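Protein sequences appear in the order of chains Z and C.
Each step along the first sequence adds one to the number in the numbering used here, with nothing skipped, and position 253 is 253.
Each step along the second sequence adds one to the number in the numbering used here, with nothing skipped, and position 248 is 1248.
A hint or two may mislead.
Claimed, not checked - Computed footprint of chain Z on chain C; a stretch qualifies when at least three of its residues, placed anywhere within it, have a C-beta under 8 Å from a C-beta of chain Z:
| # | stretch |
| --- | --- |
| 1 | 1170-1181 |
| 2 | 1237-1246 |
| 3 | 1250-1256 |
Claimed, not checked - Here are some, though not all, of the chain Z residues that point toward chain C, as calculated from beta-carbon distances under 8 Å:
| # | residue |
| --- | --- |
| 4 | N660 |
| 5 | L701 |
| 6 | W788 |
Just so you know, the hints here were simulated from the structure itself, not pulled from any lab data.
These numbers come from a predicted model, not from an experiment.
All C-beta atoms in this analysis are idealised placements derived from N, C-alpha and C, irrespective of residue type, glycine included.
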Amino acid sequence: MSGDMGIGVSAPRTEDRRFITGRGRYVDDINLRTQQYAWFVRSPHPHAEVRGLDAADALKMPGVTAVLTGADMQADDIGSLPVAWGITSRDGSPAVEPAYPALATDRVRYVGNPVAVVVAETRTQARDAAEMVNVDYEELESVSSATAAMEEGAPLIHEGAPGNTCFDWEWLPAAMAPDARSNTDKAFDEAAHVVSLELVNNRLVPNAMEPRASLADFNPATGQLTLYTTSQNPHVNRLLLCTATLKMPEHKVRVVAPDVGGGFGSKIYHYAEELTVCWASRRLGVPVKWTAERSESFLADAQGRDHVTRVELALDAEAHFTGMRVDTVANLGGWLSAFGPAIPTVFYAPLLAGVYRTPNIYVTVKGVFTNTTPTDAYRGAGRPEACYAVERAVDEAAVQIGMDPAELRRRNFIQPDEFPYQSPVGQLYDSGDFEGCLNLARELNAYERFDERRRQSQARGKLRGRGMCFYIEACGAAPSQAAGQLGARAGLYEVATVRVHPSGSVQVLTGSHSHGQSHETTFAQIVAERLGIDFGNVEIVHGDTGEIPFGMGTYGSRSLAVGGTALYKALDKVEEKGRKIAAHLLEAEAADIEFTDGQFRVAGTDRAVSFGDVALAAYVPHNYPLQELEPGLEETAFFDPENFTFPSGCYICEVEVDQNTGQVELCDFVAADDFGNIINPMVVEGQVHGGLAQGIGQALLEHCLYTPEGQLLSGSYMDYCMPRADDLPNFVVATRCTPTPFNPLGVKGCGEAGAIGAPPAVINAVLGALRPLGVRHIDMPATPQAVWQAIEAARSGE
Amino acid sequence: MREFNYYRAGSVRDAAKRLGAGGNAMLLAGGMTLLPALKMRLNEPGELIDLAGIDELSGIKLTRKGAHIGATTTHAEVAGNVELRAAVPVLPHAADAIGDPQVRNRGTLGGSLANNDPAADYPAVALGLGATIFTNKRKISADDFFTGMFETALGRGEIITQVLFPIPQRAGYAKFPNPATRYALVGVCVAQFKTGVRVAVTGAGASVYRLTDFEDALDSEFSEVALDGLTASSANLNDDMHAGAEYRAHLVGVMARRAVTMALD
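One chain only, chain Z, in its complex shape (with noise of 0.2 Å):
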């Protein structure tokens, strides 16, 4: 019996018992007898060479242990953090990958680039110490943005880089090179209509309630490295810390990422300060740990997006789109963190199809290094991007033509029966039901009222708006061949082992890792589900390479669709296997013997064995058929799977502006998502809440800022303006799922959804408030200031 929890089931999450009573156990809630503390020095200059370091006065602080630097780590050969995605300019050469070490050696490049670290007894005297390491900093000339960076005159940030181009890249995918490129200009050559819209998809800091930290243990008896930190993926890093920093045998390594509070994408990486204190504790024989400041996630957690996008939608005579042009400029930051390249190119381009059957589409990126904290994925990772890019050029070209935005969006919508559907811009679409999606939206809107509810706002003297987005995704990534292909340095596949202990009871070890997903839940679901046992027979380990077989981790919503995937397969062979144990404990055929709610038995009898019997003839194998069939019960899949998933759906979004402010409230929020099969509704739920808000923090509040020289102005929560549960409507959630035929368990992915979806309707609502005063543009985020500034340049007729 699964009990009541299997498959499609508002489980209770299994982990909240602990994170509700404070018993959670986080990376700075371990401790090791002489652990000492590790104390960052970082630049407070955008760009400057390092002429020198003095470290005489803090080495006589007290408490202190070592001042290490860059030079330091050279000597003892550790390499630089390494790039996991190459990516290659149209004209053939390589994107330029500069050399990022840990701990600067001869130029820093972002306010927060780390020069040394302080070793000390305690915290505070690492901190002390750390503020009294004299840096000889020559300062140079320093640019942030991006756009500016490309002019001509701007400070060179990277010598092997002229211009600061990282690369300039064309998408050009098998579906439509080598014409893509003129076959789109044709298109828009012949266009009835064309619409044009330069946008600014504004920089982000990830803001994972948990800051990162790192607790490293080096034990020089046995040469064993045991690493505590922030991560999503474990083995991932270790892999890294092996092969290419820190350069130990992978067995030698054991990396565990307890339970983590939030990642976003922002725990994804290799980064400087694991490296450090991995390398400072084997340097000093001491266990190190550095837990970040808030402020220094500010500066030292990779951010999101910032790109600047020239989109271009031509449409015929009826309404038809028929070509799309987007020509995007990616800040980088200042060094290339490790997915930076391939966020704003492989994750980025192919999804700017969207759901629409355009036929031609033609995109350039160009990435570019500026004076700033490094950028890398964050929850959607390039797909908000082109999701932003599209979903507003379509609003647009139906204000251009006069027609309802929903309307235009069903004329071109890719219909059921073309699935799957080969996009030119390379994906190709698993499922989707998008009219579907797009009347249930309508319906729970009351999408034809809205005359009626503008002009109650107005009789309350606020203008609404309503705006509409239409979003498709991309999760788990895959696979891993034909990523390859294009540049990743990784593997795409996942594991899972599936332990059955004697007495029937179950242990799962994925290589997803849960940093608020809901792994131990959702996977115990499909345990019990499959297996007939109940639910809290189940438990699911995940996140220490000391334990798990070698997976790949949780990002880019892939943990269901392809760790759970993998767990499915699992079951498969534990079932397969059960089932030869009880044809002989049956004394029947295998083929004759039926697995359902927890009993085998023999077909059309009342013969039966239960699961749990099964188990302890497997290993208390006194009847049992030892010739044929190993002892135990333990099974272990990969699984690479040979697509994406496409989650897609649509939201509708329903503000209040008062022009007298600027002041933009949120009135309604309308997602109906398809997700594929759904694994635990509440949790699904819980998911597009937390993406809204962080979408809607994009639209309306959020701003990573830095000053043109590259000063973070952002830096803390007195500026950085995160979502509050009053900034937030009650969001009415639905779903209306097409289960997708590349995995066996028919799921999509859910995490992600929200933030890419909720960007572009929120500002197409605030759009749709103030096209009656003139007000044709507006760029994330929305802020009181700028609306307000955006209706006074229309009254003025700027």
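Using the hints, position chain C against chain Z.
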């Protein structure tokens, strides 16, 4: 945070003596500004003198002169006080607009005034109502108290003990919050007394200030219409990533009108 000595004062006299004894001491009331500043090492006192144990500093009393509020009375106590709500509703209204429940349960009136954050709410109400600030040494009128950004007329060793707010005929406080901090991007307090109207603005400038042309207009007629055509000057107003001087000046006008509406409500 650096190490410091902690001293829990038993009386105002005790606190003042300690404050005068050197050792780079600072007073701790609610700590809602001071503690974050310590954590960020923006302030590094040798000693904190905690006023929390001094009962005489806390409490609310209404007399014919007005509302007497002790310096360590919390925002939540002011916001929830039934007598104040009846007699001078602008005070609990403004207190309820400060921060969030945690801040309101810790932060104090005296702490807010002594800190004189350019975006704090209480200075606008104190100046708008023409409050009198009592210290262990003297009394200071609100018009003389707020001298500049984070600057007040308080001398060394001087401790706010209570504040007297005169009761206006009517008053309102309208605030446009900074989206990130919820401090006042602009807050305007308008109060009408028999002697005239006072208009005080917080958030917009380096320190809270009075808007005399708005006062004059409202003196002749206390209504929104009286403010028609009046705009606030953007000269010397704050300019940051959330609001430039022009936008702040515009908001001063909008919030002043809303404060009048509230006063008339």
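Hint check results:
Figure legend: the stretch 1170-1181 of chain C, annotated as covered by chain Z; annotation consistent (4 residues with Cβ-Cβ distances under 8 Å, at least 3 required). Counting residues of the stretch 1237-1246 of chain C whose CB lies closer than 8 Å to any CB of chain Z gives 5, so the stated coverage by that chain holds, three being the minimum. Under the rule that three or more residues need a Cβ within less than 8 Å of chain Z, the assignment of the stretch 1250-1256 of chain C holds, with 3 such residues. Contact between Z:N660 and chain C, as hinted, is supported at the beta carbon level, the nearest pair being about 5 Å apart and thus within 8 Å.
Interface hint status for Z:L701: upheld, as the beta-carbon distance to the closest one in chain C is roughly 6 Å, under 8 Å. The interface hint given for Z:W788 holds, since its Cβ lies 6 Å from the closest Cβ of chain C, which is under the 8 Å cut-off.
When the structure is compared with the earlier hints, no violation turns up for any of them.
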